[in-house]
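Peer 1: Sequence:
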Amino acid sequence: MSLVWHVEEVALNVRPSPVETYQDGWLIRASGGTVRRTNCISPTPFRSDDFTSVLAAGEALYHRLGRPTIVKILSIGDDVDEMLADRGYTIDAPSQVLLAPDIASRSRSKAVAVETGAVPADWIEAWMAFGGSPPAGSFLSASLSAITLPAAYASYRQKGEIVALAYGIIHRGILGIDAVATRPDARGRGLAGQVVSSLQNWAHQNKATSACLSVLADNPAAHALYRRTGFVRHLYDYHYRLRD
Numbered sequence: 011m012s013l014v015w016h017v018e019e020v021a022l023n024v025r026p027s028p029v030e031t032y033q034d035g036w037l038i039r040a041s042g043g044t045v046r047r048t049n050c051i052s053p054t055p056f057r058s059d060d061f062t063s064v065l066a067a068g069e070a071l072y073h074r075l076g077r078p079t080i081v082k083i084l085s086i087g088d089d090v091d092e093m094l095a096d097r098g099y100t101i102d103a104p105s106q107v108l109l110a111p112d113i114a115s116r117s118r119s120k121a122v123a124v125e126t127g128a129v130p131a132d133w134i135e136a137w138m139a140f141g142g143s144p145p146a147g148s149f150l151s152a153s154l155s156a157i158t159l160p161a162a163y164a165s166y167r168q169k170g171e172i173v174a175l176a177y178g179i180i181h182r183g184i185l186g187i188d189a190v191a192t193r194p195d196a197r198g199r200g201l202a203g204q205v206v207s208s209l210q211n212w213a214h215q216n217k218a219t220s221a222c223l224s225v226l227a228d229n230p231a232a233h234a235l236y237r238r239t240g241f242v243r244h245l246y247d248y249h250y251r252l253r254d
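Numbering (our numbering), first residue to last: 11 to 254.
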């Protein structure tokens, strides 16, 4: 399996959808909430060349749920993108997948707690306080509860309060990082970077050798943060096609 598809497996596993159907090598995911990747049709390396029946099944499901149909498109040469454009699907959320090829040198900050096992309740509460709504927090909690791989939840605390956080999972030697967030009044101080580095340190101690994450293409501040924490390889791009 190529590195791209290995990393795509990590991306699927770092944010599971509690509801999904596998059809002709595609995953039709429907977690609820607003997160695109857990509410879209996602490719796998075993995808069929005939996407028509998969799209029909996805459109029928999302119509029943009162949701738009969303398809994830990777930059590896599928004809699906052109077909969806012809059907009126618009591009949404162009993103990049970044790789930190060597995490051995990352250190853990003494101010960062890294907890394994069940997701800490105050971690979810802090994530919601940083801008996630209570319904979004419920969907995130359900997704995290579906994780079956080694997982860790990192949080930077000041005076007992979480001011920056992220979580990660390890899949086949690669750390996948997600939900990197900082309290608005604590931004610009490098706290998120310390959280990310601490997760890399945890993963290295658990036999991971590299790390990956995704970031919106038009988020220069996030790109700068991730470069500072070792994400120096731009592995591939993806975007979504959406139609209401």
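No wet-lab data here; the hints were simulated from the structure. Here the structure is a predicted model, which means the values were calculated and not measured. The C-beta atom is built at its ideal place from N, Cα and C for all residues, glycine as well. A couple of the hints might just be wrong.
Unchecked claim - Distance ranges between label pairs, derived from CB positions:
(1) Thr158 x Glu92: 11 to 21 Å
(2) Arg197 x Pro130: 39 to 49 Å
(3) Asp96 x Gly170: 30 to 40 Å
(4) Ala95 x Ala70: 30 to 40 Å
Said to hold, decoys possible - Once the Cα atoms are required to be at most 35 Å apart in a straight line, the calculated DSBU-like pairs of lysine-lysine come out as:
(5) Lys169 x Lys120
(6) Lys169 x Lys217
(7) Lys217 x Lys120
Peer 1: Sort out whether Lys217 lies within 35 Å of Lys169, counting only the CA atoms.
Peer 2: Within the cut-off at roughly 32 Å; holds.
Peer 1: Using the Cβ atoms, figure out if Asp96 sits within 30 to 40 Å of Gly170.
Peer 2: The hint (30 to 40 Å, Cβ to Cβ) is violated, given that Asp96 and Gly170 are roughly 55 Å apart.
Peer 1: Lys169 and Lys120 were given as a pair; does the straight-line alpha-carbon distance stay at or below 35 Å?
Peer 2: Holds, at roughly 14 Å.
Peer 1: Does the Cβ pair Arg197, Pro130 satisfy 39 to 49 Å?
Peer 2: At roughly 22 Å between Cβ atoms, Pro130 and Arg197 fall outside 39 to 49 Å, so the hint is violated.
Peer 1: Taking the CB of Ala95 and the CB of Ala70, does the distance hold inside 30 to 40 Å?
Peer 2: Given range 30 to 40 Å: violated, Cβ gap about 21 Å.
Peer 1: Does the Cβ pair Thr158, Glu92 satisfy 11 to 21 Å?
Peer 2: violated (36 Å)
Peer 1: For the pair supplied as a hint, Lys217 and Lys120, confirm whether the alpha-carbon distance does not exceed 35 Å.
Peer 2: Roughly 21 Å between the alpha carbons, so the hint for Lys217 and Lys120 holds.
In terms of the numbered hints stated before, the structure departs from hints 1, 2, 3 and 4, listed from lowest to highest.
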